[in-house]
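Undergrad: Given only the sequences and the hints, what does the whole structure look like? Please build it.
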Amino acid sequence: MSSPKDFVLSCPLPLTDYPTVTLAHGGGGKLMHQLLEKMILPAFQSPLLETRHDGAVFGIGESRLAFTTDSYVVSPLFFPGGDIGTLAINGTVNDLAMCGARPLYLSCGLILEEGLPMDTLWRIVQSLKSAADAARVQLVTGDTKVVDKGKGDGVFINTAGIGLIDYGQPISPASVRSGDVILLSGDIGRHGIAIMASREGLEFETQIDSDCAPLATVVQKLLSSGVEVHCLRDLTRGGLGTTLIEIAESARLHIGIEETAIPVREDVAAACEVLGFDPIYLANEGRFIAIVPQRDAERALVALRSEEPATGAVRIGQVTASPSGMVTMKSRVGTSRIVDMLSGEQLPRIC
Amino acid sequence: MKFVSEYRDAAACAGYAKSIARLTTRPWTIMEICGGQTHSIVKFGLDELLPPQITLVHGPGCPVCVTPLELIDKAVAIASRPNVIFCSFGDMLRVPGSECDLFSVKARGGDIRILYSPLDALRIAQENPSKQVVFFAVGFETTAPAHAMAAFQARQLGLKNFSLLVSHVLVPPAMEAILSSPSCRVQGFLAAGHVCAVMGFEEYLPLAATYRVPIIVTGFEPLDILQGIAMCVAQLEQGRHEVENQYTRTVQTQGNLPAQELMKDVFRVVDRKWRGVGSIPASGLGLRPEFAEFDAELRFDLTAYTAEEHSVCISGLIMQGLKKPHECPAFATACTPEKPLGAPMVSSEGACAAYFRYRRHHAPASAMKV
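Chains as they are written, first to last, in the working numbering: chain A, 1 to 351; chain B, 1 to 370.
Treat the hints with care, as some may be off.
Footprint (simulated), chain A over chain B, 3 or more residues, beta carbon under 8 angstroms [claimed, not checked]:
1) 46-55
2) 102-108
Straight-line alpha carbon distances no greater than 35 angstroms define the calculated DSBU-like cross-link-like pairs of lysine-lysine that follow [as the list claims (entries may be wrong)]:
3) B/K160 to A/K330
4) B/K18 to A/K149
5) B/K18 to A/K38
6) A/K151 to B/K131
7) B/K339 to A/K145
8) A/K330 to B/K339
9) A/K151 to B/K339
I should point out that these hints are in silico values taken from the structure, not numbers from a laboratory.
Computed from a predicted structure; not experimentally measured.
Where a beta carbon is used, it is the ideal one built from N, C-alpha and C, also for glycine.
TA: Here's what the structure looks like:
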């Protein structure tokens with residue numbers, strides 16, 4: 001028998017890092033990436049996991065499948081433009097769409113807190129159902145657990161999904177080439193501000209609705225338009241900025257974007273000014289970027305603009321060779337700056 | 001966006017940059033006081049639009065950065081206690097204390113809440129009569145009126161479970177400390193527009209006269225800052241040293257008099273330690289004895305705390321305008337926004353964080369015009 005010393009399970013995170021999990025570890029920024037790189041990926045060592053896509057893509061027989069999962073812990077449960085139910089369906093549908101897949105079947109796990117009003121649960125179930133219908137997916141398996149009062153925030157939902165991939169080319173950062181253009185499907189930041197406003201009781205002159213929407217239909221339209229699609233990403237936690245940095249790092253290329261080309265609705269921009277936020281880091285639930293070769297850019301825009309919710313699609317930048325692994329933005333006044341990954345969530349500043 | 005995008009117009013900015021270049025015949029060093037201005041300069045790359053003779057140095061005007069280490073330690077000590085709800089502006093949570101930051105306390109179960117207004121803390125105190133509710137009252141003259149109002153209303157409401165952990169600092173004494181230092185290289189100032197919106201700018205007149213420096217009350221948008229620099233350079237070139245107001249759409253000579261009255265009722269001027277700079281006489285605000293019942297340091301018996309800064313961190317030199325962030329040996333290596341050694345790497349207004357976030361792709365010496 002080997003000595004117990006051989007089985008020392010030491011935590012791979014250096015001691016200088018946080019000894020406990022903080023909220024920033026789930027914020028989609030640098031700390032979360034460190035957690036994935038130093039703990040999760042080494043623990044499982046799967047080539048499929050290593051691709052760090054929105055879902056895993058693999059073949060079974062003649063078919064290529066995409067498989068993904070996501071958990072939803074939003075507070076408040078209901079917000080302008082959506083609720084935890086629509087998020088739970090659209091989030092997983094969109095992750096499959098970003099793999100180039102046609103979403104087919106979803107599972108749904110509900111973790112309910114003791115004391116949750118039955119009426120609230122019913123509203124969430126209804127919205128799960130109508131969001132699934134709208135995205136043309138079937139909810140085919142599930143699970144329900146109840147935890148003690150105080151041990152959950154009303155409702156936590158986990159969904160997983162399977163989709164079928166018809167598109168022949170690999171859609172991933174590895175397919176991105178210097179010279180490709182970055183297309184953005186519409187205005188950014190509405191989901192982040194809608195959640196913040198309803199969570200904190202902030203009131204603006206106009207109501208800002210979440211952009212939460214299923215993206216599979218418009219992505220399928222893009223893929224079947226004959227355009228060569230190199231990479232797709234939805235702009236959820238961490239927003240446009242974090243997504244572009246992930247792609248630039250992974251593809252070892254430079255992405256340059258123009259601030260004036262990025263659509264931000266006036267009320268969202270105003271809220272950002274007040275709170276000290278940068279809209280490029282705000283979460284979206286119905287926005288994505290498509291990276292395509294320059295020669296296909298116009299045709300891709302036409303395909304995107306033909307279908308909601310991408311009718312406002314625009315070109316925001318281009319991929320070049322260097323400085324590799326970096327995203328820069330040409331500012332409104334014509335100078336250039338780095339777009340850096342945030343450490344955690346954006347924090348409202350003092351003054 | 002109306003009343004914002006006009007001040008970010010590329011053509012207008014280029015116009016001001018040109019006129020600054022025309023005005024400039026010699027090297028000049030200008031300090032922007034406020035962290036909000038630093039952030040705007042680096043975010044929009046405004047210094048890249050300036051002629052090489054103009055050097056901008058970044059002043060001590062980030063409230064997160066100058067809050068002394070022992071006060072962070074006191075905040076951590078209070079927030080770690082059971083039956084305390086500790087309320088703070090968001091960006092104070094990541095500032096490193098001697099042992100840990102407030103985020104870590106939250107992760108260990110501390111009830112820490114991010115608020116947008118100190119008056120929200122009063123509501124929390126009313127709703128939680130069995131808990132002690134503490135608000136971390138940091139900042140310059142800009143946040144002082146709201147904190148004064150919180151203390152004032154707390155007394156009116158007779159709240160027994162509300163207190164303020166106060167670390168207020170004042171701008172003019174810090175400017176005087178910088179100017180009276182023998183190594184001072186600042187020749188002109190962009191004063192902090194929003195501080196002046198509260199306080200007016202008459203208190204800058206003796207500073208400008210005594211130290212013979214132009215002081216321009218300046219806003220925060222790109223065009224504001226470029227116009228402020230143009231006004232400052234014009235004075236420097238002409239050998240004038242006056243106080244001028246660039247930010248006329250917000251700042252009046254007298255400032256906000258009702259806010260000043262309230263501040264006087266609640267606060268008194270005290271000596272204050274600045275992180276990285278040291279103690280500056282009569283440079284801060286503390287609660288008046290009449291409001292002592294709302295002083296968290298007294299309530300939790302924390303007056304004896306002291307703490308030492310990390311030895312590598314040169315934040316003091318940076319905040320006095322003597323060094324640039326990338327001249328620090330720890331910049332972007334041992335010290336990053338994830339593991340900050342000093343506070344200027346934490347806040348979005350901190351000079352080090354602004355350089356880290358927007359500037360690492362430039363070759364240091366050439367682009368930064370040191």
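Undergrad: Each hint: holds or not?
TA: Here's how the hints hold up against the structure:
Counting residues of the segment 46-55 of chain B whose C-beta sits closer than 8 angstroms to any C-beta of chain A gives 3, which meets the bar of three, so the coverage hint holds. Restraint check on the segment 102-108 of chain B versus chain A: 5 residues with Cβ-Cβ distances below 8 angstroms, three needed, restraint holds. For a cut-off of 35 angstroms, the pair hint linking B/K160 to A/K330 is broken: about 53 angstroms separates their Cα positions. Restraint check: the Cα-Cα separation between B/K18 and A/K149 comes to about 65 angstroms, which exceeds 35 angstroms; the hinted pair is violated.
For the hint linking B/K18 to A/K38, the alpha-carbon distance of about 50 angstroms lies beyond 35 angstroms, and the restraint is violated. The suggested pairing of A/K151 with B/K131 holds, with an alpha-carbon distance near 21 angstroms, which does not exceed 35 angstroms. Restraint check for B/K339 and A/K145: not satisfied, since their Cα atoms lie roughly 39 angstroms apart, outside the 35 angstroms limit. Pair hint A/K330 plus B/K339 holds up; C-alpha atoms about 28 angstroms apart against a cutoff of 35 angstroms.
In summary, the hint linking A/K151 to B/K339 is supported, as the alpha carbons are separated by about 31 angstroms, within the 35 angstroms threshold.
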